[in-house]
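K.L.:
Spelled out, the chains give:
Protein chains: 2
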Amino acid sequence: MDDVAVTVDVVLATVLDDTLTVLLVQRGVEPFVGRWALPGGFVLPDEGLDAAAMRELTEETGIDIEDGGHLEQLRTYGAPGRDPRGRVVSVAYVALVPRLPAPVSGTDASGARFWPVDRLGRARLAFDHARIVADGVERIRAKLEYTTLAVTFVDEPFSIPDLRHVYEAVWGVMLDPGNFSRKVLGTPGFVVPTGNRAPIGAPGGGRRPVLYRRGPAAALHPPILRPA
Amino acid sequence: MDDVAVTVDVVLATVLDDTLTVLLVQRGVEPFVGRWALPGGFVLPDEGLDAAAMRELTEETGIDIEDGGHLEQLRTYGAPGRDPRGRVVSVAYVALVPRLPAPVSGTDASGARFWPVDRLGRARLAFDHARIVADGVERIRAKLEYTTLAVTFVDEPFSIPDLRHVYEAVWGVMLDPGNFSRKVLGTPGFVVPTGNRAPIGAPGGGRRPVLYRRGPAAALHPPILRPA
DNA sequence: TCAATAGTGTCTGTCAGACAGTATGTG
DNA sequence: CACATACTGTCTGACAGACACTATTGA
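Each protein sequence line maps, in turn, to chains A and B. Quick note, the first sequence lines up with residues 320 to 547 if you use this note's numbering. Quick note, the second sequence lines up with residues 320 to 547 if you use this note's numbering.
The hints are simulated quantities; they were obtained by calculation from the structure and are not laboratory data. A hint or two may mislead.
To be verified - Just so you have them, the derived chain A footprint on chain B, three or more residues with Cβ under 8 Å: (1) 323 to 329; (2) 393 to 400.
What the hints assert, rightly or not - To be clear about the criterion: a stretch of chain A counts as covered by chain B if any three or more of its residues have a C-beta under 8 Å from a C-beta of chain B, and this derived list gives those stretches: (3) 322 to 336; (4) 380 to 386; (5) 390 to 401; (6) 500 to 506.
For glycine and all other residues, C-beta sits at the position ideal for the given N, C-alpha and C.
The whole structure should be built from the sequences, with the hints applied where relevant.
P.N.:
What follows is the structure, encoded as structure tokens:
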């Protein structure tokens with residue numbers, strides 16, 4: 320009755336070069352040697368699921384979710400046959416972090432890099448990880464609508480246009496700068512002003528935007544909806 | 320590494336007497352003998368998670384989700400110590416069904432009944448099932464906003480006021496009959512008219528409402544939002 | 001100077017909610 | 001008749017999206 324193994328897998332997402340990307344590791348062991356996969360691994364006997372997700376992420380990539388990041392459970396994948404080694408049930412997580420130092424490979428992985436989510440057709444992911452990534456990306460896109468999670472993708476301090484670039488990258492659309500600015504500033508607790516403006520010398524010219532930090536609000540009322 | 324057991328637990332909800340209720344079974348075996356708990360049990364070695372949820376529901380209560388019901392994964396609970404028998408990770412599900420025949424007790428359960436969700440303080444649920452029920456109820460309340468799931472709570476054919484009573488029961492609020500009717504009929508594919516009206520002889524008098532069946536639409540654009 | 005960007009003002013169409021008014025049923 | 005319920009009409013305030021306009025910067 321308990322020859323079932325439980326693993327965690329993490330869809331770690333960030334915005335790089337105005338593109339939504341997820342972290343994949345190249346597998347160094349069987350099965351699927353050399354293929355790209357989500358960071359993850361077996362849950363230890365006395366370890367909570369969230370703790371396991373954070374530990375595996377650190378072990379395989381050197382990334383610590385604690386500083387400014389966000390981690391939440393996505394869903395659980397348990398179809399028989401999804402892992403050739405036997406019955407493996409995987410609890411998937413989604414993690415969001417600001418721009419990062421380059422990930423480090425861990426013991427079980429021979430490489431790690433961020434992949435743009437719209438270039439994943441090339442990656443030939445191991446197991447059912449393509450499906451898990453797709454579900455995770457959709458979760459992220461949906462959550463930007465009615466939560467303030469977008470701020471976990473930017474470093475402080477940030478400007479309203481920085482935040483807009485996050486929405487544009489994640490949703491793959493262009494938003495009206497004026498309407499977006501009004502919307503964010505009209506939501507109490509979304510961002511708090513620092514009193515400063517961006518330093519002189521930014522490329523392209525233009526008025527220097529006001530800088531903000533993350534606010535205390537978590538939910539968004541009213542939501543910022545994706546264009547139809 | 321795999322002395323972890325995987326179970327499924329099901330929050331089966333229905334609307335009875337204009338009240339949202341969930342099905343609980345009284346445990347007949349240790350641990351927590353005599354306490355109320357969610358129907359559920361161990362996943363079999365070659366069984367998918369969804370299939371396990373349906374099987375356990377039928378075994379413990381005699382209820383088959385197939386006819387007109389809805390089943391979806393809720394989330395996974397895996398804190399160490401949540402089950403005194405050892406490490407047990409539980410994949411929780413939410414199920415919605417129309418009014419039902421009385422549930423039958425199964426082998427592992429000495430009783431089964433529907434509990435109104437606002438009377439669960441009395442029930443002293445086993446394990447962490449109080450938390451799971453709370454999460455499931457919140458999922459249901461949220462999903463009524465932007466999906467057509469409410470129709471899975473009513474028998475066909477049904478009237479717009481029937482559907483409104485579902486929303487009122489689940490959300491615990493009163494809705495404006497006129498605005499609700501306009502909203503539902505203005506959403507293509509939510510309901511399809513049968514051409515009939517409710518039979519003469521309903522209690523309370525009043526104009527006979529038009530009867531409908533479930534429509535093909537799953538999502539709701541725009542959503543029906545809970546009042547603030 | 002021109003080009004680019006930040007942010008405000010303003011208008012318009014859509015929609016939610018309040019509520020009046022009409023149609024149709026029971027007692 | 002009185003009364004209850006179903007449903008339509010209509011108004012108002014909030015908001016999204018389009019877009020003009022001003023302010024501020026680099027080249």
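K.L.:
Next step is simple, just say for each hint if it's right about the structure.
P.N.:
Status of each hint after checking the structure:
Closer than 8 Å: that is the beta-carbon criterion, and the segment 323 to 329 of chain B has 3 residues meeting it against chain A, so the requirement of 3 holds. Counting residues of the segment 393 to 400 of chain B whose beta carbon lies closer than 8 Å to any beta carbon of chain A gives 5, which reaches the threshold of three, so the coverage claim holds. Coverage of a stretch by a chain is defined here by at least three residues with a beta carbon nearer than 8 Å to that chain's beta carbons; for the segment 322 to 336 of chain A and chain B the count is 4, and the condition holds. Given as covered by chain B, the segment 380 to 386 of chain A fails the check, having 0 residues with a CB less than 8 Å from a CB of that chain where 3 are the minimum.
Counting residues of the segment 390 to 401 of chain A whose C-beta lies closer than 8 Å to any C-beta of chain B gives 6; at least three are required, and the coverage claim holds. Judged by the Cβ-Cβ criterion of 8 Å, the segment 500 to 506 of chain A is not covered by chain B as claimed, because only 0 of its residues qualify and three are needed.
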